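S.K.: Residue numbers (the working numbering), protein chains in the order written: chain A, 5 to 220; chain B, 2 to 221.
Not one of these hints is a red herring.
Facing chain B, a subset of chain A residues (Cβ under 7 Å, in silico):
no., residue
1, T67
2, I71
3, G169
4, F172
5, V184
6, L192
To spell it out: a stretch of chain B is covered by chain A in this simulated footprint if at least three of its residues, at any positions, have a beta carbon under 8 Å from a beta carbon of chain A; those stretches are:
no., segment
7, 81 to 89
8, 160 to 167
9, 186 to 198
Hints in this document: simulated from the structure, not taken from any laboratory. What you are looking at is a predicted structure, and each value in this text was computed from that prediction instead of being measured. Cβ coordinates follow ideal geometry from the N, Cα and C atoms, glycine included.
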Amino acid sequence: MSIDWSWIGDHTDDLTTLTLSHLQAALSAVFFGLLISLPLAVVAHRIRPLRGLLLGLSNVLFTIPSIAIFVLLLPVSGLTRTTTVIGLTIYTLVVLLRNTVEGLDSVPAKTKEAAKAMGTRPFRTLLTVELPLALPVIMAGVRIATVMSISLVSVATYIGDGGLGQLFTDGFQRNYPTPVIVGVALTLLLALVADALLVALQYVLTPWTHRKQRAA
Amino acid sequence: MYELFKNLGDWLVSGEQWSGSDGIGHRLAEHLQYSLLATLVAAAIALPLGLLIGHTGRGAFLAINLASFGRALPTVGLVVLVFLASGLSMWPVYVALVALAVPAIVTNTYAGMTAVDPDVKDAARGQGMRWHQVLFQVELPLALPLIMTGLRLALIQVVATATIAAYVSFGGLGRYVFDGLAQRDLVQVLGGAVLVAVVAVALDLALSALQRALFRHRPA
Chain A
5 MSIDWSWIGD
15 HTDDLTTLTL
25 SHLQAALSAV
35 FFGLLISLPL
45 AVVAHRIRPL
55 RGLLLGLSNV
65 LFTIPSIAIF
75 VLLLPVSGLT
85 RTTTVIGLTI
95 YTLVVLLRNT
105 VEGLDSVPAK
115 TKEAAKAMGT
125 RPFRTLLTVE
135 LPLALPVIMA
145 GVRIATVMSI
155 SLVSVATYIG
165 DGGLGQLFTD
175 GFQRNYPTPV
185 IVGVALTLLL
195 ALVADALLVA
205 LQYVLTPWTH
215 RKQRAA
Chain B
2 MYELFKNLGD
12 WLVSGEQWSG
22 SDGIGHRLAE
32 HLQYSLLATL
42 VAAAIALPLG
52 LLIGHTGRGA
62 FLAINLASFG
72 RALPTVGLVV
82 LVFLASGLSM
92 WPVYVALVAL
102 AVPAIVTNTY
112 AGMTAVDPDV
122 KDAARGQGMR
132 WHQVLFQVEL
142 PLALPLIMTG
152 LRLALIQVVA
162 TATIAAYVSF
172 GGLGRYVFDG
182 LAQRDLVQVL
192 GGAVLVAVVA
202 VALDLALSAL
212 QRALFRHRPA
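This is chain B alone, in the form it adopts within the complex (with noise of 0.2 Å):
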């Protein structure tokens, strides 16, 4: 046990292990690629969607369920599926990771719009506001806490799973777990696992901090 970690611990700092197309540098920007990149998709689709099943009170059904079948779809899958009908390009990747993470960010933006208290959204159209300003000026602001978990919640899942594009052949973190599963190099996995590790929990802790201080002004 001591062992491997002491060759982790190697594997990791040493400098040949950064550079070059097979590189931790390398594998670390492809995997941010995909992850940042399938989450923003993500939330163009989801954010729209969970805004308007809160404001509306309609399709309250589909937001809740759709979370329950986002859980169960087997990504593995989905990537195989779409990889036999696209062929090979990163079309399995990204509509796997986007399945996954619309689900997650839909439910936390409908859970968050639908806890703002009812009687303050009664005073915002007291007070003449349209429906969109009720929206944007009232329910957004106070429902953004949760949406941001939503975001959070999807982007550590996505940061988690972008693995798999190692299985079809693309690149990203994923390259150094199959790579060594394939080659029985339990060190090489164990780095890319903390890597990924280490990535999500780093982005977690970064939209958190971004969370804070956009909310710093706001009384508790």
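The shape of chain A in the complex, shown without the other chains (with noise of 0.2 Å):
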């Protein structure tokens, strides 16, 4: 099996479209579910007998094989791209949703008392106190769920998406390993990239976790 470098030169213009939908498609699922598992571990952490109920259902999601999600879609949303973010978004669901409820859990009931003290409203609270102090364990969670998307993504191309994805479907009918192997390559490359950029945007995004102390 070798690499056969003339069709990568043949094809950069296909790669970089494959890449930028492939990343689309990922990057939307993780937005997406953090749109829906900020509110549902805001509920899951004020209301206890909410929690196992939604941590049990988001486990379940995880166990349905990709491709069925991807399949059963199909009445509802079709051969679109729709179908693929959909899918990918309920398995991020249940990295973003665990680690949301987890990282809110981990703020301790002082600074919380300390907020109500000083007037601060529940809503407030949440939003200034609680989801800032949350936010190193609900990144790990980002990041879990896009580089699980990441590499999720290639599965939609059993319903002609799947981004990079498709260069496995194209490697496999024509029995030729070189796409199939950048194909493995970008993704990995994307994921890491991916990661290596969450990590900067935790590290802006949290700088009470390494501000220098000043000298009093």
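Two chains, two frames, a set of hints: combine them into the complex.
M.R.: Following this line, the structure appears as structure tokens:
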């Protein structure tokens, strides 16, 4: 099995298009995943009985094979990008929901009491105290969800989407390894770069975790 | 929607669906065979590695990054790649499933080992225990709950992903998903998906029951 380098040179435009489409699908899924998990996590954090139910439900969704989720969505949204994004979003929920709940749990009770004592309203406490303090744990979830989504996009190749995953079916059908190797390499590269950027984003968003102590 | 679920019910309970070489019984056995064998092989590779990294503290960088790499590796691509290299054999299925399971087990084993209180390890060494005694009689039992979590996580993922065996013309419950996809037969796809999810949840519950039974004697 050897790489046909000239194929790569001939297909740089296609590869760019596929990579961007791949990235767009994965990032949309994480975005919508966050949009859904944040309110659900607040509910699960505040109302204990719902916590087990919501986390259990997201765990069960995670056990459904991804290819099956895509196919089952076909009657709803057809062979479209929407199907890909909905399917991927469902998978991000298990990580994002659990990490956001754990992040909110990790905020010390005394900090919340202090906010209350200063007359901060509950919703404002959530936005300005709890969520920022939960951010490191939430971001850990976002990193896992992003890398996982980038890897999973290729499964959508079975429903005619799938970004770089199209290179896998192409190589499979033509018995030609080059596109497959390139697809795997680009997926790994994309995941690596996205993860590094998220680490940088977290560094910027949580300055208090690494700010130098000023001398008194 | 109602009709779909009614048809699904009929599909799941009909006698002919359960018998024969394309029956649920046979496909279920194949699916379990792929999943359990792959998880066992992965555990045989990952457990010693995780214990070694955790015990010596060397290679922690590897343990942490392996998890990220494992998550990033596209399973479909790996299956096709091994298929093109090896031809029609079980290799693509097992390589992909083992590659999926190893990182989850290594990372959790390592995490369990690092969570062991250093004072406890010091005390064990201070009592004159050899390194293997510290590892197997102190660290391993204390790390076991997290190690089990890793094994359960790996097994769930492997069971869900073993569906892909059908893509390279093998059996398992994925047959229903891929055949249903080819025939635009949603009931069959849904049936396959439900069966896979049930198997994954059932195995997870069984392992967690086993875990509880094993640790019943231990004070919390």
